Amino acid sequence: MRSHSRNSFIISALAALIGVGLFVYTYMMIRGTVTEAAYLRGDLAAALNEQTAVYGAEKTLTGSTAELATIDSYFVTSDGSVAFISYLESLGRKAGADLSIQNINVVAGAPADFKDTLSVQLTITGTWDAVVQTLALLEQVPYHLNVASLDMSRQDTTVGKKTVIRWQAAAIVEVLKVR
Amino acid sequence: MLFAAALIGIGLLVAPYALVQGQISELNAAIKSATTGVNGGKLGDIQGALSAAKARITALAPDQVMVVTDVLSRLIADKPSGITISGISYQRKDVTTVAVNLQGKGVSREAIQQFEQNLKQEKSFAGVDVPVSDFAKASDIDFSLSFTASGQ
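As given, the protein sequences belong to chains A and B, one line each in that order. Residue numbering for the first sequence is 2 to 180, as defined by my numbering. Residue numbering for the second sequence is 4 to 155, as defined by my numbering.
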């Protein structure tokens, strides 16, 4: 009888211990899950902020299409070299000078770059005013154009009793060209 | 009794546990949805477009050199009577400086000196120099002149 009571007590104590242990384990598991949920809420807030920023940037980019197109227009397009050369020649005619293209050379940019440099050797012949006006038009073209070098020389010729003063300018102009 | 109480306690905790697990699933789904749109192409596209725009804007940054027509107009403005220019060369050295050489004829040493002085007074011109040997003749002097010009 005493032995039976003792066994019952031990079994009850063990059951109580297991029960409490299971309760504590379950409680800790829930606590961990709640903590994880709190972190996930933080991650979600960060992800939503990032999403908002990205959509904002996308909206700005979409709204800047005209500005981006304007930026692109300052470069010679990948297939626009011929049109650009013709355009340069037209500037000479506009200023009353003779502009002729001597050589065109593509100076490759870095491999990862989006652009090359188009180096154009040209000569301009005419009166001082016509040559200078052509140079002014060249410097104001709606491209990113630089005059890299220029050699101007006066060339006097005598026609009858009159001396005709003409100038010749040999220039190298550089313009950026999209690949 | 205690075991039974613990089992009841566990039973009571199961419901909130299931609730929190459900929330975690919802949160994970929401995070996945928020990041899929961003990481799945949009962000890359936007970064690419911004990088391209930045590269183009950087490439278009204006140089600080003095342009040809500015150099020519100042030469003409500074040229005194008695000086005839027969040749001008303009060579870009870097993004701020150009080297200018000029050949001409002066009726006298004084005219050439005056021209030199006028050019020296230009703030954007530096190192204006006429070789002394050019002053050997007293009149109808062929001379050369060199200087560097930098952006305003």
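No lab work stands behind these hints, which were simulated from the structure alone. Nothing here was measured: the structure is a model prediction, and the numbers come from that model. Certain hints may be false.
[Said to hold, decoys possible] Listed below are the simulated DSS-like cross-link pairs for lysine-lysine, each with C-alpha atoms no more than 25 Å apart in a straight line:
#, chain 1, residue 1, chain 2, residue 2
1, A, Lys60, B, Lys35
2, B, Lys57, A, Lys116
3, A, Lys60, B, Lys45
Each hint tested on the structure:
{"no.": "1", "hint": "A:Lys60 to B:Lys35", "in the structure": "22 Å, holds"}
{"no.": "2", "hint": "B:Lys57 to A:Lys116", "in the structure": "13 Å, holds"}
{"no.": "3", "hint": "A:Lys60 to B:Lys45", "in the structure": "12 Å, holds"}
The structure fails none of the hints (numbered hints given earlier).
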